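> The task is simple: from the sequences and hints, build the whole structure.
Read off the chains here:
There are 2 protein chains.
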Amino acid sequence: MSEAQPSTPQNSSAPQGSRDGPHDTIYIGKKPLMAYVTSTLIQLANQPKVTIKARGLSIGRAVDVSQITIKRMESAGYKIGDVRIGSETVKSEDGRTRNVSTIEIEIRKD
Amino acid sequence: MSEAQPSTPQNSSAPQGSRDGPHDTIYIGKKPLMAYVTSTLIQLANQPKVTIKARGLSIGRAVDVSQITIKRMESAGYKIGDVRIGSETVKSEDGRTRNVSTIEIEIRKD
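Top to bottom, those sequences are chains A and B.
If you're matching positions, the first sequence starts at 1 in full-length UniProt numbering and goes up one per residue.
If you're matching positions, the second sequence starts at 1 in full-length UniProt numbering and goes up one per residue.
Everything labelled a hint here was simulated from the structure, so no lab data went into it.
Note that this is a predicted model, so its numbers are computed, not measured.
You can trust all of the hints, since none of them are fake.
Copies of the same chain look alike in the list, so a pair counts if it fits in one copy or across any two.
Simulated pairs of lysine to any residue, SDA-like, Cα-Cα distance not exceeding 25 Å:
#1 K53 with R98
#2 K49 with T102
#3 K31 with G86
#4 K79 with V90
#5 K30 with D82
#6 K71 with R96
#7 K49 with I85
#8 K71 with S87
#9 K79 with T102
#10 K53 with V100
#11 K71 with D94
#12 K30 with E93
#13 K30 with I42
#14 K49 with G86
#15 K79 with D110
Shown next as structure tokens:
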């Protein structure tokens, strides 16, 4: 799922998207929604496209983050791009594998 | 967030009110996941495209239903089509309005 984006030099204090991929991705977890909205807005100030990713129970929250962000940014020409859904296989604690749903939401300049 | 956002098309292709129109929409609620998977499979036996819709906390479940369905049907040539996200304004019990995120997932014959 890694994107072959040229990685732009990144402010190292950027709060999110610093896992291992290119720094244009926001991973949705358990923090308050607005933390992810803020991270998304910061990334959009630096690059034309940001991808919001989540899996399992965080999928609904990822949609919320995208909608709050778009509401603030659509007057500046940003909009929802591709929305991709899929599933990943994860190994649970008892050693069995199960599938978890995933979502990727692009926000980009028109 | 008004429903007239150009970036978040709502109900554009699949009419609400599936009671009188063609039954090509599955609304995800609180039933067990497999109930919706079964409904989706039945609809796909009758028509080339089905749209799975959900809002709020059910959004993750809608993605689950689509993934389980596709896993069973992809050998028959079905796949995920457009995935649209958006938001709707709902009135809560205290009379205030708030926004709820929505998702629409198309499953169609290739």
